[in-house]
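**Q** Here is how the chains run, residue by residue.
Number of protein chains: 2
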Amino acid sequence: MPRAIAVLGGTGPEGFGLALRWVRAGETVIIGSRDAGRAREAAAKILAAVGGSATVSGEENVAACAATDLLVLTIPFEGHCGLLKQIRPAIRPGSIVIDTTVPLAASVGGRVTRTLGIWEGSAAQQAAELVPQGVSVVAAFHNTSADILNGDAPVDCDVIVCSDDAAAAQTVRTLASKIPGVRAIDGGKLENARILEQITALLIGLNIRHKGHSGIRITGLPEKAYAVS
Amino acid sequence: MPRAIAVLGGTGPEGFGLALRWVRAGETVIIGSRDAGRAREAAAKILAAVGGSATVSGEENVAACAATDLLVLTIPFEGHCGLLKQIRPAIRPGSIVIDTTVPLAASVGGRVTRTLGIWEGSAAQQAAELVPQGVSVVAAFHNTSADILNGDAPVDCDVIVCSDDAAAAQTVRTLASKIPGVRAIDGGKLENARILEQITALLIGLNIRHKGHSGIRITGLPEKAYAVS
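Each protein sequence line maps, in turn, to chains A and B. Residue numbers for the first sequence follow the numbering used here, so the first one is 5 and each next one is one higher. Residue numbers for the second sequence follow the numbering used here, so the first one is 5 and each next one is one higher.
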């Protein structure tokens, strides 16, 4: 049975876009939401968009978490700690938690172009302190535009993947590379997530200033840097 | 008479590479160094590389600063405050100071893949507090690989330019776009320099991990975001 991906907060634009892309790529996705009804509606919308072969369902966040061992957090930063505490008892041992969260100052009424300072260094490192031992946090997908993910065009963006668990990072790079246009790059340890998170604030600023849906590409690396296995 | 560019710390790899590219583009460059002799040697090397039409000279840093109103700081972070304090009396009113400095933890014996926290937010904002009133600091060129700048190939990297002085930023974007391959992008206010500075630490990590000379490209913006005027 294929490993299902639970996209927690998957009714929001980033989560929905990732779910859509993975379902299109043939992955099994469980949309998680605070509201099971909204989760099921989102799943139905993806099913309608992708067609009959799609394997997608919707559940309340904790139930979605309990149903698999591959979790993606796609919630605004103001809900980050709360969601992790809520799902913590339901996280299966050995799970991978992919954290896409950017600690935008907007979370506390500030600007979307600025980030908050996080004591642990980054939202992803905060997550790593909140998950049970033996659960691996992988930081990724911070810089992929939700608008582009929700469209049909290839995603013109590299996904830099940071984790202290090399095997988990490899799994996530494979998952990233299933999205057309995405190249996945090993970005080293989880502590580097702080830079990925901040790049998003810069990209949001560029989007506002130049009216675009920006992403990033890393140049100057050998081809094998983008190889998935 | 054309506006000369003083590249302070221009005997180091980043400064030398920028100077080389600008001299090749027909700009007048003054290499600055603590040691006037080494500055003149670097200028002679560029003259030899570019040929007879090159306009490049070498001076001690303060003399180089006093000779023009377009300054580029290309020194390691450990020399950043000291150089600014030293040149301060020589900075002409209305000058533009382009700060390329990245506050790598290596400056205090730490890693090249980590940055120091700067009280003002970034090295560039620290510079803005140290220059005389009426002098504009522009953050740029953090992410262009010194190795690539010192070669002949086009530089496969965007230069994000941040400043609180829109006219100065425009001048710097024009200067950036004279380097083959570079696209210059308005990155907003000087406070955003902190993100540009941190991206360099990420790129250095990628270079070490993947054996490359990485740079970044911003995708998803309209063509006019890269237009120089």
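Don't take each hint at face value.
Since copy identity is lost for identical chains, a pair holds within one copy or between any two.
Below are the DSS-like pairs computed for lysine-lysine, each with C-alpha atoms no more than 25 Å apart in a straight line [said to hold, decoys possible]:
#  : residue 1 : residue 2
1  : Lys228    : Lys89
2  : Lys49     : Lys215
3  : Lys49     : Lys228
4  : Lys89     : Lys182
5  : Lys193    : Lys49
6  : Lys215    : Lys89
7  : Lys49     : Lys89
8  : Lys228    : Lys215
9  : Lys215    : Lys193
10 : Lys182    : Lys193
No wet-lab data here; the hints were simulated from the structure.
**Q** Each hint should be assessed against the structure and marked as holding or not.
**A** Here is how each hint holds up against the structure:
For the identical chains of this complex, Lys228 and Lys89 are neighbours neither inside a copy (38 Å) nor across copies (45 Å), given an alpha-carbon limit of 25 Å. When the C-alpha separation of Lys49 and Lys215 is checked against a cutoff of 25 Å, the pair qualifies neither within a copy, at 28 Å, nor between copies, at 43 Å. Proximity of Lys49 to Lys228 under the C-alpha cut-off of 25 Å is found in neither arrangement, the shortest distances being 37 Å within a copy and 35 Å between copies. Neither within a single protomer nor between protomers do Lys89 and Lys182 lie at most 25 Å apart by alpha-carbon distance, with minima of 30 Å and 52 Å respectively.
Neither within a single protomer nor between protomers do Lys193 and Lys49 lie at most 25 Å apart by alpha-carbon distance, with minima of 36 Å and 40 Å respectively. In this homomeric assembly, Lys215 and Lys89 never come within 25 Å of each other (Cα to Cα): the closest approach is 37 Å inside a single copy and 40 Å across copies. For the homomeric pair Lys49 and Lys89, neither the shortest alpha-carbon distance inside one copy (29 Å) nor that between copies (61 Å) is at most 25 Å. For the identical chains of this complex, Lys228 and Lys215 are inter-copy neighbours only, at 10 Å across copies versus 34 Å inside a copy, given an alpha-carbon limit of 25 Å.
Only between protomers do Lys215 and Lys193 lie at most 25 Å apart by alpha-carbon distance; the minimum there is 17 Å, versus 33 Å within a single protomer. In this assembly of identical chains, the alpha carbons of Lys182 and Lys193 lie at most 25 Å apart only when taken from the same copy (22 Å versus 36 Å across copies).
Violation of the numbered hints given earlier is confined to hints 1, 2, 3, 4, 5, 6, 7; the remaining hints are satisfied by the structure.
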